[in-house]
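A.B. asks: Given the structure of chain A, go ahead and fit chain B onto it with the hints provided.
There are 2 protein chains.
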Amino acid sequence: MKVIKNIKEMRTFSDAVRKAGKSIVFAPTMGCLHRGHVSLLEKGRSLGDVLVLSIFVNPLQFGPKEDYASYPRDFNADLTLAEANRVDVVFRPDAEEMYPDGYETHVEVERLSKHLCGLSRPGHFRGVATVVAKLFNIIMPDTAIFGEKDFQQLMIIKKMAQDLNIGVNIVSVPIIREPDGLALSSRNNHLNREERKAARCLYIAIKKGKDIFERGVKDVDIILKEVKRVVKAEPLAVIDYVKVCGVDTLEDVDIVAGKALMAMAVRIGKTRLIDNCILG
Amino acid sequence: MKVIKNIKEMRTFSDAVRKAGKSIVFAPTMGCLHRGHVSLLEKGRSLGDVLVLSIFVNPLQFGPKEDYASYPRDFNADLTLAEANRVDVVFRPDAEEMYPDGYETHVEVERLSKHLCGLSRPGHFRGVATVVAKLFNIIMPDTAIFGEKDFQQLMIIKKMAQDLNIGVNIVSVPIIREPDGLALSSRNNHLNREERKAARCLYIAIKKGKDIFERGVKDVDIILKEVKRVVKAEPLAVIDYVKVCGVDTLEDVDIVAGKALMAMAVRIGKTRLIDNCILG
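Those protein sequences? They're chains A and B, same order as listed.
Residue numbering for the first sequence follows this note's numbering, beginning at 1 and increasing consecutively.
Residue numbering for the second sequence follows this note's numbering, beginning at 1 and increasing consecutively.
Heads up, some of the hints might be wrong.
[Unchecked claim] With a cut-off of at most 30 Å between alpha-carbon atoms, the simulated DSSO-like pairs for lysine-lysine come out as follows:
#1 K158(A) to K232(A)
#2 K19(A) to K114(B)
#3 K43(A) to K5(B)
#4 K22(A) to K158(A)
#5 K65(A) to K114(B)
#6 K65(A) to K259(A)
#7 K5(B) to K158(A)
#8 K19(A) to K5(B)
#9 K158(B) to K158(A)
#10 K22(B) to K19(A)
#11 K114(B) to K259(B)
#12 K19(B) to K19(A)
These are computed hints drawn from the structure, not numbers from a lab.
Isolated chain A, as found in the complex (with noise of 0.2 Å):
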């Protein structure tokens, strides 16, 4: 296994790989990789010749006031397990070889950039379509794997090939969940005892809505109800949103109609958590 820092070299790596008629398969991560991380190798094992995982911790993403400095990162364990995995190549570039001095380029995927998450992190999810941009540029793949748990991000990346004719095949794979239901994510490395026990209120609230949709109920209003009730049980939860919308545009729907996607973001204590489901 190779472990790739500087853009150049990956982008020669990527350019012999092409040029000897073999298919690369890209998997973006910030590092602090588990289960949910695994399910994206073996799926991108499966897919094409050359396996590249990237381990960026992306600024851009993070706002001012969120949890950039804090994000867990502990790339011994990460390079163990992308081993372990079969990757072929780890690609983790440093904050200034990504967004050097005088760094001024954005892309940005706009109406679905505004909804859910897009509401409380602003300018998130343009670092989200930035770096994945650019590291499509450098890493040249063929196909990439997304994780559904961060399910807008997902339709953002989805929709910004589209639009600018990105000729990488997007593709996902399901939630990973720990056995208490709550889904896999770097950021449950922050939750203390207590916290951890709480955010088990997430994977309840999901699956409250999910039942009570399939006796039946499509109007969204009963549905959120009931939902928000399970999480507002929790004393340790306070609820940044749970939205019914529709699976293509994210917008609000009133009535479920065919299908829709309900997805929420609590925090825990400092942590946020985000889960989502699709109802249909």
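C.D. replies: For chain B alone, coordinates are given in the frame of chain A:
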């Protein structure tokens, strides 16, 4: 010579060229080709194996009150000229192909877009950067050629390519002028006989500024005063801006130390013309 309207077909063509180990040179234009464009094609022909010319009047780079509808178009003449200049492929998508319903992604080079033409044409360079990013992704050129008449555009494309790690070599060609000095532009077609005469004032002013500078005047206020006086002497001319600015930053300078860009935009009747030269 092939003419391609469809994005997928263009990409398939480019893919095949690259897989055959040949290089692609790309000259993006809005059509209504003149000798300025010919110089792009001549330069391009010498820099690679396959020469692609795009003709696309990009609605995204025109403001609501600008001349998108009346921008000069002459596709048959363009085809003749392209063929005569050994173009291999003319790519001419229509606006619906490039911006289908629901299009929402933009690329912005923020600081460089704020100066000069960016001030009087808000959103213009966002439209330029976005369409060029799309065309690069569709055509996948090794090299792309831009004219120095649109100096700010050239700078912005270079910065976009650098910032977003786009692996396209950006090459420029000098301004081509009429015998009386008027910089070639498709918009010169809009000028009636009287306006055409008046339009000479841009080049006379540019030359005046260059002369003063070369006689040793480095104080920008003094240079601009003389340059503006030349333009104002022409009754049909209305100055949009005349500036001397840093070649890399496009920020105004007070004193020319080393090199600087002198740039102007002037309205002759309803037609907005630009010109520039490097001092130093």
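A.B. asks: State for each hint whether it applies.
C.D. replies: Against the structure, the hints come out as follows:
1. K158(A) to K232(A): 33 Å, violated
2. K19(A) to K114(B): Roughly 40 Å separates the two Cα atoms, so the pair is violated.
3. K43(A) to K5(B): 36 Å, violated
4. K22(A) to K158(A): 23 Å, holds
5. K65(A) to K114(B): 27 Å, holds
6. K65(A) to K259(A): 35 Å, violated
7. K5(B) to K158(A): 24 Å, holds
8. K19(A) to K5(B): 28 Å, holds
9. K158(B) to K158(A): 26 Å, holds
10. K22(B) to K19(A): 11 Å, holds
11. K114(B) to K259(B): 21 Å, holds
12. K19(B) to K19(A): 7 Å, holds
Checked against the numbered hints above, the structure breaks hints 1, 2, 3, 6 and satisfies the rest.
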